[in-house]
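Student: Here is what each chain is made of, one letter per residue.
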Amino acid sequence: MTISVATKKEKKEFFKTIIKRAEKKRNPFSIMFELTYRCNFRCPHCYIQGSHKDKKELNTKKIFSILDQLKDMEVYNIGFTGGEPLIREDIFDILSYGNRCGFKFDILSNGYLIDERIADRLGEVNVNKVDITFNAITPQVFDQITQIKGSFKRVKKAIDILKEKGIQTAIKSTCMQINKDEITEVSRFARNLGILYTIDGEILPCRNGCATWVNRYSIDSREYEDLRRKVYPEMFRDEGKRVKTKSRRRRDRMFYCGVGITSFSIDPYGKMNFCLEIDYPRCNILSEGVKTCWEKLKKEVDRLNKTKDFVCRDCDLLKDCGWCPGRSFIETGSFNNCSEYFRKRALERSKEERYG
Amino acid sequence: MDEKRVLKKSPQVVSRKIEGEVILIPLYKSSDDLSYIYTLNETAVNAWELIDGKKRLGQIKEELMKTYNISDEKLAKQLDGLIKDLKSIKAIV
Ligand code: SF4
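Line order of the protein sequences matches chains A and B. Read left to right, the first sequence gives residues 1 to 356 (our numbering). Read left to right, the second sequence gives residues 357 to 449 (our numbering).
Excised from the complex, chain A in its bound form:
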């Protein structure tokens, strides 16, 4: 027998192995927790609009109980999001409890409420990373998107404060018609600060299916590709041509993300959903517990994956198509429908492929 003690292991390698084990056993590892739908910004493109809203958000005690269950199920990562999670009066009770449970957690915030004091408290509760939405580099465009005057100044200051206090911070933007000319400048801002920056080329439709912003403000795939080249030049540098990321789409199953494998999401009322994008299947954690809901959710994913007449199965565009069954559900009420939006993008992409 050897009491081989506390072995120092390289974190990245260690978690690669652990995640593989979790995937194999379909144990939840990384989940999202929406703490509230309340928000102090009014971004018109926000997908939260049209979400189911129950009368009461989960109270502190119920959230603690859910965290206990997540701990027992060996969940490791939690992304606390909203709405704006920092708007909750008990947010630091929740984060502190999460820390004591031993979760590694990120906060997804709009940054508006982060001042010196809040940043200190985030440090005290050992937040892993603060992820801030930062959609523009000029106050005019930024405030136009948030619809809150002075928001740019406050959020930029928040980023500076977090950086100064050594709290890991990342920023992200959704690329839209309204801010596409500022994205490169935002990425420069992030680089200068030495913080991570990610962009997203898609505006999500609201959960009630309303896609006004999607239709009116989306950029096309060529525009997005150009932005990617500017934002992540190192990804393209060596290739001399576009880097084609390998498609994860499959013909034998609908879902190709981690839903029902290692991930799910919880809404502010204690309902378990596939992910943040949709209000489905709304398994009731309060009456059934996290574990039972997870089993039900997995079954539902399996059922959908076996859909006989899966609409994409014989489609030539499949490998170029970024369609997601959740999005189909929001837009059409069914998981198994082709999407005009994604078909258009897939066609653009496949043409670019062929003609460079």
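Incorrect hints may appear among the rest.
Derived DEER-like restraints, expressed as beta-carbon distance ranges [unchecked claim]: (1) A:LYS11 to B:ASP428: 31 to 39 Å; (2) A:GLY194 to B:TYR384: 18 to 26 Å; (3) B:LYS433 to A:GLU10: 55 to 63 Å; (4) A:GLU295 to B:ARG372: 19 to 27 Å; (5) A:LYS299 to B:ARG412: 33 to 41 Å; (6) B:ARG372 to A:LYS12: 28 to 36 Å; (7) B:LYS360 to A:LYS12: 51 to 59 Å; (8) B:LYS433 to A:ARG229: 54 to 62 Å; (9) A:ASN40 to B:ARG372: 33 to 41 Å; (10) A:LYS296 to B:LYS360: 40 to 48 Å; (11) A:GLN147 to B:ARG372: 40 to 48 Å; (12) B:TYR424 to A:ARG26: 29 to 37 Å; (13) A:ASP93 to B:LYS440: 34 to 42 Å.
In case anyone wonders, no lab produced these hints; they're calculated from the structure. All figures in this text were calculated on a predicted structure; none of them were measured in a lab. A virtual CB, placed ideally from N, CA and C, is assigned to each residue, including glycine.
Put chain B with the ligand on the given structure of chain A with help from the hints.
Tutor: Just chain B with the ligand, lined up with the frame of chain A:
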């Protein structure tokens, strides 16, 4: 090994079981924290669980001897190593 010594877990570190591994998680930020993780093997977990702020080291050793077929001397040496390691990562006080 000071058999009379009583060890206490630091409130700054928790242990968690994730996918068959027991890891020690610091509740504070440390420079090491970003790149490394500490894991306990099965026997170290048993010793870790016996550390409760009440039991003397001698008692912990006796308990372990009931489970594992190992000489008193060898176990004392290994426990010493464990304690040193746990102290270095501030897991015990
Ligand atoms: S174009 Fe339509 S049918 Fe083809 S892969 Fe995309 S969503 Fe599926």
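Student: Now look at each hint and say whether the structure bears it out.
Tutor: Right, here's what the structure says about each hint:
A C-beta distance of roughly 37 Å is found between A:LYS11 and B:ASP428, which places it inside the suggested range of 31 to 39 Å. Here the CB-CB span from A:GLY194 to B:TYR384 is close to 23 Å, well matched to the stated 18 to 26 Å. Our hint of 55 to 63 Å for B:LYS433 and A:GLU10 is violated, since their Cβ atoms are close to 28 Å apart. Range check, A:GLU295 to B:ARG372: about 22 Å between beta-carbon atoms, so the 19 to 27 Å window is met.
Between A:LYS299 and B:ARG412, the C-beta spacing of about 51 Å breaks the proposed range 33 to 41 Å. Checked against the hint of 28 to 36 Å, the C-beta distance between B:ARG372 and A:LYS12 comes to roughly 18 Å, which is inconsistent with it. In this structure the supplied range 51 to 59 Å is violated for B:LYS360 paired with A:LYS12, their Cβ-Cβ distance being about 42 Å. Our hint of 54 to 62 Å for B:LYS433 and A:ARG229 holds, since their Cβ atoms are close to 60 Å apart.
Taking 33 to 41 Å as the suggested C-beta distance range, the pair A:ASN40 and B:ARG372 conforms, at roughly 34 Å. Range check, A:LYS296 to B:LYS360: Cβ separation about 54 Å, and the 40 to 48 Å hint is violated. Here the CB-CB span from A:GLN147 to B:ARG372 is close to 42 Å, well matched to the stated 40 to 48 Å. For B:TYR424 and A:ARG26, the hinted distance range of 29 to 37 Å is satisfied, since their beta carbons lie about 34 Å from each other.
Taken as a hint, the range 34 to 42 Å holds for the pair A:ASP93 and B:LYS440, whose Cβ atoms sit roughly 36 Å apart.
In summary, the numbered hints that this structure violates are 3, 5, 6, 7, 10.
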